[in-house]
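Asker: Same order as they appear, the protein sequences are chains A and B. The first sequence begins at 829 in the numbering used here and counts up one residue at a time. The second sequence begins at 829 in the numbering used here and counts up one residue at a time.
Treat the hints with care, since some could be wrong.
What the hints assert, rightly or not - Within a straight-line C-alpha distance of at most 27 angstroms, the following computed BS3-like cross-link-like pairs (lysine-lysine) qualify:
| hint | chain 1 | residue 1 | chain 2 | residue 2 |
| --- | --- | --- | --- | --- |
| 1 | A | Lys1151 | A | Lys1165 |
| 2 | B | Lys946 | A | Lys946 |
| 3 | B | Lys949 | A | Lys946 |
| 4 | A | Lys949 | B | Lys949 |
| 5 | A | Lys881 | B | Lys847 |
| 6 | B | Lys939 | B | Lys1112 |
Just so you know, the hints here were simulated from the structure itself, not pulled from any lab data.
Number of protein chains: 2
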Amino acid sequence: MKKIIVQKFGGTSVADTDKIKNAARTAVKEKQNGNDVVVVVSAMGHTTDYLVKMAKDLSDEPSSREMDMLLSTGEGVSIALLAMAIQAQGYDAVSFNAMQIGIITENVHSKARITDIKTDKLKKNLAEGKIIVIAGFQGVTPDGEITTLGRGGSDTSAVALAAALNAHRCDIYTDVDGVYTTDPRVVPNASMLREISYDEMLELAHAGANVLHPRSVETAKHFSVPLRVRSSFKLDNLGTLILGVEKMEIYQPVAGVAADLSQTRIVVTDVPDKPGTAALIFSKLAEENISVDMIIQSYAKKASGTNDIAFTVDDADAEKTAKVLDEIQFGNVKIDKDIAKVSIVGAGMIDRPGIASAMFTALAQNNINIRMISTSEIKISCLVNKEDAQKALKVLHKVFGLESGKIAEVKGDLPPVG
Amino acid sequence: MKKIIVQKFGGTSVADTDKIKNAARTAVKEKQNGNDVVVVVSAMGHTTDYLVKMAKDLSDEPSSREMDMLLSTGEGVSIALLAMAIQAQGYDAVSFNAMQIGIITENVHSKARITDIKTDKLKKNLAEGKIIVIAGFQGVTPDGEITTLGRGGSDTSAVALAAALNAHRCDIYTDVDGVYTTDPRVVPNASMLREISYDEMLELAHAGANVLHPRSVETAKHFSVPLRVRSSFKLDNLGTLILGVEKMEIYQPVAGVAADLSQTRIVVTDVPDKPGTAALIFSKLAEENISVDMIIQSYAKKASGTNDIAFTVDDADAEKTAKVLDEIQFGNVKIDKDIAKVSIVGAGMIDRPGIASAMFTALAQNNINIRMISTSEIKISCLVNKEDAQKALKVLHKVFGLESGKIAEVKGDLPPVG
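For reference, chain A alone in the conformation it holds in the complex (with noise of 0.2 angstroms):
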């Protein structure tokens, strides 16, 4: 049997009709090399700006049904006309929606999860030869409403779609080269990675890293799909492949550095030191659908039998979780939007012991202070002042040794890795 080839193209990949002529140019190629080849396509350009833009002209609030209904059109557009475009290269190909497929979803307006996908229709036109493209983004619930899947959409279409269909790979095709030891914007001689295993790209990409929404990478990883991250433009570049780690030929401890510039760090000082104080906190913010990041509390508990509470949320969130610490009324609130998250990652980190400390010695000696510091198996995070972020993120990347792309080789305590 044939292998079967997911690809994607994002918005900026079918921005207009050159574009789309070198997407059906790229889907035409994986077929020429004796693949299936599903191709999901997201709106074209500013398309869902565009439709905004009339949404809010007409109504302050537009039902999010509606706006479901309008974004959806995007790529209703933009898959009938790759599908021309394959056609006119002298292959057959045909379009369809997320409808005329059974994308189905959970009942939810904006933000639907994936919950199953038909793929007899699939199968039958993959048997005919034909290459199909297919609307990102979209789906349909059980009872023929048409509903979206929010941000990073499409990208989870087509995982999802790789996964139904027992693909060999999904290929993510959009505007950068592939995923980078860090953000090549702020130091320009960041590498691209070879490969990456699902868990760091999952932490990058919270971390910072906008190259793929978490959400796919998270489905990738729970079906095992093989993801590819790769330009739409310079197809002899393989881009980044991002797989299971037991699967990856190269590991190193660090993979890559990335900074979160949203983020503000709220500090509750002198709050009551017993049970349930944290919990109170917490659950309502969780209330107020508040997500924190980091949390930290200190141990040492002070002669007033207080203690003090610090955490990050976004930036977006800061006036509203002033406000819901302001009716708990617990302790004093300190507001600080003067932070940066700086965050290094990498599996490899969870055997070699001494990375932590490679780190906070890099920032120490170039005079950054760290304010907070946050760990899990495979990332180190630290708030930093805002200005230093970006000589955090060039320290961070040189002492790692992520410019040569090769293994790190890390000054300090590190012991030596082969």
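Chain A is already provided as a structure; the job is to place chain B on it using the hints.
Answerer: Chain B in isolation, oriented as in the chain A frame:
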């Protein structure tokens, strides 16, 4: 039970968000009248042209299946926006595309005919008090293929929905005030008809009045759906009501005058005068999908034992017709593009002799040469030179007293009408 009113807004009536708000007000007004309201919408203004242009950029001959996928997105945008606009005016509204409703068509792309409309979802939503907004022009096959209905498609969707729902009336909102006695751009004192029969409207539509596509009128006649053509922008104007002649209050011999400038006259001289000759010519033309309009065969057999046959075809089919006749090799073919068909239409002429002679006399008195004549029960058409078409319209409009919009007072041998 409440009356159901189906409203249809064409592309110019939803061309921008201001016009969409106007359409929403119109729907809400009908709801406030205590009726259930179903609104059928076309794509916004120039959307279709824009989509076709992109398709042509990608392919010289885009597949009709993918063209249908592409074009159907146009109504997808307008239905969602109109539903939002109605909601913003405080009324409950919901939009559906043809696939969601089940507007079933035959499996033909770009000019499918409706075979069935499912009404369960419509009735349920009307019962919940919602204004329903439906995509015109599109359908779906039993296999889930998206089709479009071709020219006059949205009008036909609206009439078919009105028939399926047993609606009280179908209102076609457009950019003209109603149906006129003739083209007001040519005859400035043309007057609007308050009522006209389906058959008269059909003859007027075929004769070149572009208000309604004949197909929608035929559907309305078949299912006895009262149709009203009215302006989207002058809501106090009731427009023209089109209905069965037995319901009509006004009854005049000539309801309207129309000119069709897009016809070519084909004359085949010296055709063998034996049985089957005409059948052969017209069956060959039918095989090539060429519609023939007026047909005249001279009954005066010539000394040579041959005959002449003349007929008209659409300008666009003239070359193809010449080619077909060339293959048959019958007689000599003359092609004349310099003609126009001028018609008078009226259910009242059935019982009134003298209408035809009044027409011919008026044309003759104004030095307009009649090249061919064809009649039906409620229409008389004369081919004239193209340069005489406007003059002919004015003359006939005056002779049959249509300026006043009152019952015709015709000079000549027509008996007075009370």
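Asker: It remains to establish, for every hint, whether it holds in the given structure.
Answerer: Outcome of the hint check:
Proximity of A/Lys1151 to A/Lys1165 is assessed by CA-CA distance (about 16 angstroms); at most 27 angstroms being required, the pair is judged to hold. As the CA atoms of B/Lys946 and A/Lys946 are separated by approximately 24 angstroms, the hinted pair is consistent with the 27 angstroms bound. Pair hint B/Lys949 plus A/Lys946 holds up; C-alpha atoms about 24 angstroms apart against a cutoff of 27 angstroms. Note on A/Lys949 and B/Lys949: the hinted pairing holds, with a Cα-Cα distance of about 25 angstroms set against a maximum of 27 angstroms.
Using a Cα cut-off of 27 angstroms, the hinted pair A/Lys881 and B/Lys847 holds, with the two alpha carbons roughly 16 angstroms apart. This hinted pair checks out: B/Lys939 and B/Lys1112 have alpha carbons roughly 22 angstroms apart, not beyond 27 angstroms.
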